[in-house]
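Chains A and B supply the protein sequences, listed in that same order. For the first sequence, our numbering assigns the number 27 to the initial residue and increments by one for each residue that follows. For the second sequence, our numbering assigns the number 68 to the initial residue and increments by one for each residue that follows.
Bear in mind the hints are in silico, worked out from the structure with no lab data behind them. Virtual Cβ for every residue (Gly too), placed ideally from N, Cα, C. Treat each hint with caution, since some may be false.
Derived lysine-lysine pairs resembling DSSO-like cross-links, with alpha carbons at most 30 Å apart [to be verified]:
#1 202/A to 81/B
#2 108/B to 82/A
#3 505/A to 108/B
#4 99/B to 500/A
#5 85/B to 460/A
#6 599/A to 108/B
#7 547/A to 505/A
#8 142/A to 81/B
#9 585/A to 85/B
#10 500/A to 108/B
#11 85/B to 531/A
#12 99/B to 319/A
#13 108/B to 444/A
#14 500/A to 85/B
#15 99/B to 481/A
#16 227/A to 125/B
#17 601/A to 125/B
#18 319/A to 81/B
#19 238/A to 81/B
Footprint (simulated), chain B over chain A, 3 or more residues, beta carbon under 8 Å [what the hints assert, rightly or not]:
#20 218-231
#21 506-517
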Amino acid sequence: MRLLDLSIVNFRQFYGKQRLEFANVDPNRNVTLIHGYNGSGKTALLNAFVWCLYGKTTDDLESPELLVNERALSDAGPEEEVPIQVSLRFRARGDVYLAERTAGMPKTERGAVQSKPKLVLRRISANGEAESLEAPQLRIDQLLPADLYPFFFFNGERVERLASPNAYDEVEQGVKTLLDVEIYDRSMGHLRQWAYAELAKELRSYGNDEAKRVVDQEEQQRAEQTTLKERLALQQRNRAELDSEIALIEQKQREMASVSELVFQRDAALARHKDVESRIRDHRTDAARRLSKDGYLAFGEHVFARTAELVSQARQRGELPAKVKPQFVDDLLSEGRCICGRPVADGTPEHDKLVQWRGATGLAALEEAISQTNSALISLRERRRQYFEDIARIQAATSESYADRGRLADQIAELDAKIGDPSNSYDAAELEQKRQVVIRRREDERVTIARTTEKLEELDVSLRALQQQIERLKIEDAKAALVQHQMHVVTRIAEAMESIYMIQKQDVREELAKSVEAIWKDAAVKDYKASVTADFRLELTKSVGGITQPVHGASTGEKQVLALSFVGSLVRKAKQNEERNLEEGKLGGKELRVGGEYPLVMDSPFGALEDDYRRKVAEWVPKLAGQVVMMVSKTQWRDEVEGAVRPRVGREYVLELHTPKADSDRSIEIKGSEFPYVRSSSENIEQTIIREVN
Amino acid sequence: MSDVNSTVREQTRKVLLKLTPQEATLLSRVLKLEHDFLHQKQPRIKDDLLRVVREVVKDIPR
Numbered sequence: 027m028r029l030l031d032l033s034i035v036n037f038r039q040f041y042g043k044q045r046l047e048f049a050n051v052d053p054n055r056n057v058t059l060i061h062g063y064n065g066s067g068k069t070a071l072l073n074a075f076v077w078c079l080y081g082k083t084t085d086d087l088e089s090p091e092l093l094v095n096e097r098a099l100s101d102a103g104p105e106e107e108v109p110i111q112v113s114l115r116f117r118a119r120g121d122v123y124l125a126e127r128t129a130g131m132p133k134t135e136r137g138a139v140q141s142k143p144k145l146v147l148r149r150i151s152a153n154g155e156a157e158s159l160e161a162p163q164l165r166i167d168q169l170l171p172a173d174l175y176p177f178f179f180f181n182g183e184r185v186e187r188l189a190s191p192n193a194y195d196e197v198e199q200g201v202k203t204l205l206d207v208e209i210y211d212r213s214m215g216h217l218r219q220w221a222y223a224e225l226a227k228e229l230r231s232y233g234n235d236e237a238k239r240v241v242d243q244e245e246q247q248r249a250e251q252t253t254l255k256e257r258l259a260l261q262q263r264n265r266a267e268l269d270s271e272i273a274l275i276e277q278k279q280r281e282m283a284s285v286s287e288l289v290f291q292r293d294a295a296l297a298r299h300k301d302v303e304s305r306i307r308d309h310r311t312d313a314a315r316r317l318s319k320d321g322y323l324a325f326g327e328h329v330f331a332r333t334a335e336l337v338s339q340a341r342q343r344g345e346l347p348a349k350v351k352p353q354f355v356d357d358l359l360s361e362g363r364c365i366c367g368r369p370v371a372d373g374t375p376e377h378d379k380l381v382q383w384r385g386a387t388g389l390a391a392l393e394e395a396i397s398q399t400n401s402a403l404i405s406l407r408e409r410r411r412q413y414f415e416d417i418a419r420i421q422a423a424t425s426e427s428y429a430d431r432g433r434l435a436d437q438i439a440e441l442d443a444k445i446g447d448p449s450n451s452y453d454a455a456e457l458e459q460k461r462q463v464v465i466r467r468r469e470d471e472r473v474t475i476a477r478t479t480e481k482l483e484e485l486d487v488s489l490r491a492l493q494q495q496i497e498r499l500k501i502e503d504a505k506a507a508l509v510q511h512q513m514h515v516v517t518r519i520a521e522a523m524e525s526i527y528m529i530q531k532q533d534v535r536e537e538l539a540k541s542v543e544a545i546w547k548d549a550a551v552k553d554y555k556a557s558v559t560a561d562f563r564l565e566l567t568k569s570v571g572g573i574t575q576p577v578h579g580a581s582t583g584e585k586q587v588l589a590l591s592f593v594g595s596l597v598r599k600a601k602q603n604e605e606r607n608l609e610e611g612k613l614g615g616k617e618l619r620v621g622g623e624y625p626l627v628m629d630s631p632f633g634a635l636e637d638d639y640r641r642k643v644a645e646w647v648p649k650l651a652g653q654v655v656m657m658v659s660k661t662q663w664r665d666e667v668e669g670a671v672r673p674r675v676g677r678e679y680v681l682e683l684h685t686p687k688a689d690s691d692r693s694i695e696i697k698g699s700e701f702p703y704v705r706s707s708s709e710n711i712e713q714t715i716i717r718e719v720n
Numbered sequence: 068m069s070d071v072n073s074t075v076r077e078q079t080r081k082v083l084l085k086l087t088p089q090e091a092t093l094l095s096r097v098l099k100l101e102h103d104f105l106h107q108k109q110p111r112i113k114d115d116l117l118r119v120v121r122e123v124v125k126d127i128p129r
């Protein structure tokens, strides 16, 4: 999606009709910069995009039910309806669209209620003709799903929300949808949930008793699976909420002077505990791997000893080593000559003797086999010895880790007790008591999740077995046989979709993680590491004594940079996907991917950031996104930001605030010239006029 | 094009190559259908999905 222009009529601070055009041609000047004093309408402008496209407003817009401009309402006659309109022209997937959302606010004495907004979407042809499209909201959602607008239209001062545990689902969903993974997930779900289930019903109606029985059983288990999956999702959401609750309590405790030192000690102990847990898991994996490779050797000693004994006995009997090699006798017979040079003619006693010898040389082959077995025995015994040595080492390391874990658990319990000691602080103790209650609830939830997961795994195995039974059913009826085949094909492609989904999801996460890490590394002052975890959490970690531990109490600014680096990475990856699509489209694989280019519309993107972060964010945001709209106040547009963004600005505006308060005039210096920023107005109502900076 | 992209494409291609022509056609048709409804949280495409399956899998290959 590429934004072209925005027109607003009587929307919030903006009186009458006003218009902005966006920088959208030169990729090196892709920033539209909008300066605005506090209260001049930066947030309103952000909301104009959101309202136009989705009929919604952001959480930070006060009184969202009053979108009408006050002056327009004041100018209106009694009962007259004041029109409110936002029109956005944009280019998407090769076409130009004009979205227009309109509402009306009647002027009444009793307090007005805004009329229901109406959306019209038109496709504009190359010659300027407009075609009104059916189902406009659906069309817009196809271009940029409503759930995802917070990734593209946001207030920089609140963007850190994406780095909170409550946003994991949102982050994962955003990643899946924008980076083309969602389509595989949905396809396999719908194929299994709908297509397969419906075909199964059909098979049941055509098939024999055996088919009916198996299909019924399969249907019953599938229903159970759906219920369990829903339950698991709920349980996982509960656990995420409990995680957030614990994090919040711990943060409050960190801020309490009386216990903060103890809480930091506990943070470190918890990180070490987590590290030890991870080590124990590694030891188990090592042991399993070692067992799988050489475990059978543990039972081989008897066989090795018996083989060695047999060889020894053969030697004692003089059977080994064999005295004559078969090839040697064969050569003598073929040449008809003895080793002393005398001829050995066929039928002579010498020839008969040689033939007799040839019969006995079979032992040589045995010797060779025994020789090979002997060398293998040496190697196998060495491997067996090494195996026991490795297992002993792994067991020792595991025991040590268990002991460490026990010590750390004691230490954590001791610190919990100290933090919860009312003699330190009554408030901290109360918080600790609450924390322990939430921790117990989280433990219970973890157990419940583990149980549900186990049940789902069992059910999955059982369902696969039933599906195989259905595929193997001997069906005479031709229609039923075709349905059976259709079910087989549906299962096969659902499995293929699942494989592709896993490949793509893993790739997308790894690429995003790398990008977020690189951007963070470039921007951050502290030696923290940013990552996107396997479950799509945005995480900051640090190394303490060689142990990686999560950063507790990261500042709002740090979280904002983390969230911005994530959004930037997401937009860049979506753009790369679109470029890849174009290439693959030429090869005929277009339907397999979507991707796309998305703009970033940011209100106060440098909100709570320190100078270093501001400069870095200002440098990389225009490089990551194809188009950027930035709304900044004078204090946010400081030297370091101006230095980085100025060369990228393609269009620039000032939101000129008119206020009835006397002596409020202020100006803003842009490119060496002064522009009105706030103006005292004789009219009794505040309003904002959009002025382009030429 | 990065190596990572090439690897992902190669892995995806391997999965697709295991499908029969009939299965590959169905996969492509299903993706196209899903793509058109990707924006809807609960798309009503059950009937369309079944229609596509029946159109593509009309007989049992010998």
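Violated constraints from the hint list, given by number and in increasing order = Violated: hints 3, 4, 5, 7, 8, 9, 10, 12, 13, 15, 17 and 19.
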